[in-house]
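Novice: Each chain, letter by letter, is given below.
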Amino acid sequence: MHFNTGYRADAELLARRVGEIFTGYDAVVMPSGSCAAMVREWYPTLGVEPPSGVYELSEFLVDVLGVVDVGAYFPHTVTYHPTCHSLRSLRVGTRPEKLLSAVRGLKLLPLGGADECCGFGGTFSVKNPAVSAAMCTDKVRNVLDTGAEVLCAADNSCLMHIGGTMRRQRAGVRTMHLAQILASTEEEPA
Amino acid sequence: MSTRDQILAKVRAALADVPADERPEDVAVPRDYQRSRAGTDIVDLLIDRLVDYKAVVHHTASAAVGAAGHADASGVADAVVARLLVARGGRIGAPVGVPEEWLEGVDAVRDDPVLPAAELDALDGVVTGCALAIAETGTIVLDGSPDQGRRALTLVPDHHLCVVRLDQIVRTVPEALARLDPSRPLTWISGPSATSDIELDRVEGVHGPRTLEVVII
Amino acid sequence: MTGARARGAGATGVSGTFVGMPAFPIASAKAVGDSQLRHNLHKATHTIRGKRAAVVGEQPDWTELRAAGAAIKNRVLRHLDVYLEQLEAAVVKAGGHVHWAADAAEANRIVTALVKATGETEVVKVKSMATQEIELNEALADAGITAYETDLAELIVQLGDDRPSHILVPAIHRNRAEIREIFQRSMSEWGRPAPADLADDPPALAEAARLHLRERFLAAKVGISGANFAVAETGTLVVLESEGNGRMCLTLPETLISVVGIEKLVPTWQDLEVFMQTLPRSSTGERMNPYTSMWTGAAEGQEFHLVLLDNGRTDVLADQVGRQALRCIRCSACLNVCPVYERAGGHAYGSVYPGPIGAILTPQLRGMSSELDESLPYASTLCGACYDVCPVEINIPEVLLDLRAKVAAAGGKGHRVERLAMAGARRVLESPGLLKAGQRAAGRFRRLTPRRLPGPLAGWTDTRDIPAPPPQSFREWWERNR
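Residue numbers (our numbering), protein chains in the order written: chain X, 1 to 190; chain P, 1 to 217; chain H, 1 to 482.
I should point out that these hints are in silico values taken from the structure, not numbers from a laboratory. All C-beta atoms in this analysis are idealised placements derived from N, C-alpha and C, irrespective of residue type, glycine included. One or more hints might be untrue.
Dumping the calculated DSS-like pairs for lysine-lysine here, alpha-carbon to alpha-carbon at most 25 Å [as the list claims (entries may be wrong)]:
{"id": "1", "chain 1": "H", "residue 1": "K406", "chain 2": "P", "residue 2": "K10"}
{"id": "2", "chain 1": "P", "residue 1": "K54", "chain 2": "H", "residue 2": "K406"}
{"id": "3", "chain 1": "H", "residue 1": "K43", "chain 2": "P", "residue 2": "K54"}
{"id": "4", "chain 1": "H", "residue 1": "K221", "chain 2": "H", "residue 2": "K93"}
Distance ranges between label pairs, derived from CB positions [said to hold, decoys possible]:
{"id": "5", "chain 1": "X", "residue 1": "P44", "chain 2": "H", "residue 2": "G433", "range": "25 to 31 Å"}
{"id": "6", "chain 1": "P", "residue 1": "R179", "chain 2": "H", "residue 2": "G367", "range": "43 to 49 Å"}
{"id": "7", "chain 1": "H", "residue 1": "D388", "chain 2": "P", "residue 2": "A122", "range": "48 to 54 Å"}
{"id": "8", "chain 1": "P", "residue 1": "A122", "chain 2": "H", "residue 2": "G57", "range": "52 to 58 Å"}
{"id": "9", "chain 1": "P", "residue 1": "D167", "chain 2": "H", "residue 2": "D161", "range": "50 to 56 Å"}
My request is simple: use the sequences and hints to build the entire structure.
Specialist: The following block contains the structure:
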């Protein structure tokens, strides 16, 4: 947020703090495409060495652990929004869809205009609320067109944005993070 | 200090981060794109791409089959060009270097002396050769040689019939640029005049010739 | 930014106060409310996106061409002085005249004087971003010279007394019905009137433009153009177009004046082999545009003048991050994929360069002294679609972020509040104790989550709910379950 809004000195302090806390681990798993992209892509711009072994969740599961089927159970229709930074910065590709497709009971429905931004953009959503809301309205329309019960993404900021809009519109679609669905089992359903 | 020198000085000041001993060629340009390519027969490819742009295409190799009896292939081709022009009718402009055989039976006028703009506008069509054709993009390039004439000649009339020899066809854009002479005025033509200015929807036919007819000989 | 605002505009007004630069937010909010504009832009940008994707997809070496294009432009920019002198020498050798203009006023003076020297009071123009940038038409009009725009879209803009809203298709905000109305209303004021029974299908509209401009072309004595490329090695200028109006303006007049930005150079003739592949596919989504003219110096006995334009470009060049914006070949692919441009429209960017490239080029060319120019680096969600399609690999998000840092550091009027908020947030995020306390409090009082936020954050709650904080934070869950 600080970096994306132009406050580099604040951003640098936070980046150093993250660097101190997360150095020395084999893997640092981030359940957010934008956070992983910030660390890997932009820490060097701030003059901060990114901690090694930073992975976005789906990268870690598929590439590092070599797992596609995590043994989850989620008997619902789901559509997946591939967030911008996962898609175009990290290039996670179809890893999240592979993970979701392996979930028992889950039916994955394709999302129209999936690669289009939801309009969040951090402080963009309050600096340019009209355009941001217009983008999200179109995103929500695409989500509703799928008929899915659940909208899934691997970034809470986008989920907060789309989810906040859907709740205001009483759209009746739940938003869930990829991790929540993958953690759902028959014994402990999400 | 002239504006020229001021601008050059500003450019040099702006580039203070560039090492003084760096030469332009020290900036690496990776050229691992394809300069030539293998693939579909280039004549078929050219025809496909021209048709895609709504150009009218004739290939005299096939026309020659219908005209059995002519032993001389180039004679057949010349006759095909003349026949197409006669069939179309009207008054046809021609640059000085176009062979007389293309104009047999045609109401033709040579651009010599140079025709005034109003007379060009009154022509029904124009016939020329070309410098080369690019198969992949369906492009014909004119370079103002005697069989192509000056640029206005192929611009003002509403119909342009262009003759392409097989040996003038290249596959790719890089192959074309390597063959062209930059000191000549060049016109690259890919289909008839068109616009996408209304709702980004392509429409053929604005200011240039609305019909492009290509004869491959 | 004065006076009371109705509820709809209030949100942007408040957020304008927050950021201290209302220009883009307010102009774009207006566009968002215009359903006809939204429809026109959606239709046009989605049409061209599909076409571009198809012709780029069939080019097997696209990635390599893109890398080569970026590198060629980098070479030019890093040695621009050398290449400018080389170009000048080559043009002069081929019988052309070269003029240098430091800014818009000087360029306009040069062109006006050149036209006056011919004794003509009318000129025909090929679509050119550089001449729009310097507002040449207005300068010529002040000198009693009428400039006729001949590109169909420019004609629509000129006849409609409108402003361009797209680099390639300046009338993209107009649909066919609106264009028909403009032609019927205004063609007669400029020349041959539109046919009385003019239909609103694109072929009929194109035909009307053909007839309207025909005599103008045939009578023109002076043509004015820009150029897509200028080859330093040979002095060759290159103009890509579709309609044939470019060929008309470049070849029929006795005098040709081309106004070209100093960044339009490529080093060698061979370098065109890259851009002649990437530009048409990126801009109109065609394998090749219908017409390209290439000429060197005084072609076919024409009087030729090249005006080399700085107008802020050397300032952009001096910025090592922002410099890459000068690689731009004006294809407009970034506009066509931009979700913000699609909703905001081109006018909201307040410049002849709209969309993502405009958001980084305009503030650099003009300097960030106005509220509008300061707001442009924030006119993006940083989604990265622009960078993906750019045929010369301009990392637009990187430049946007760099410009944002400059805006924040300069600390415009609204930035004091924002700076305090950012510093406060940073302190909470830095401190595990504060963060933990905040999360716990939020979880405890989650039923009190407000429906509306005050002040600058109202921009969020106008259309979205605030998520209720979870009953327990991840931190708490982890402590219990690890």
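Novice: It remains to establish, for every hint, whether it holds in the given structure.
Specialist: Going down the list of hints, with the structure as the test:
1. H:K406 / P:K10: Judged against 25 Å, a Cα distance of about 22 Å means the pair holds.
2. P:K54 / H:K406: Violated, at about 51 Å.
3. H:K43 / P:K54: Given pair K43 of chain H, K54 of chain P holds - Cα atoms ~24 Å apart, limit 25 Å.
4. H:K221 / H:K93: Holds, at about 24 Å.
5. X:P44 / H:G433: 25 to 31 Å: Given a distance of about 30 Å, which is inside 25 to 31 Å, the answer is holds.
6. P:R179 / H:G367: 43 to 49 Å: 46 Å, holds
7. H:D388 / P:A122: 48 to 54 Å: 50 Å, holds
8. P:A122 / H:G57: 52 to 58 Å: 45 Å, violated
9. P:D167 / H:D161: 50 to 56 Å: 53 Å, holds
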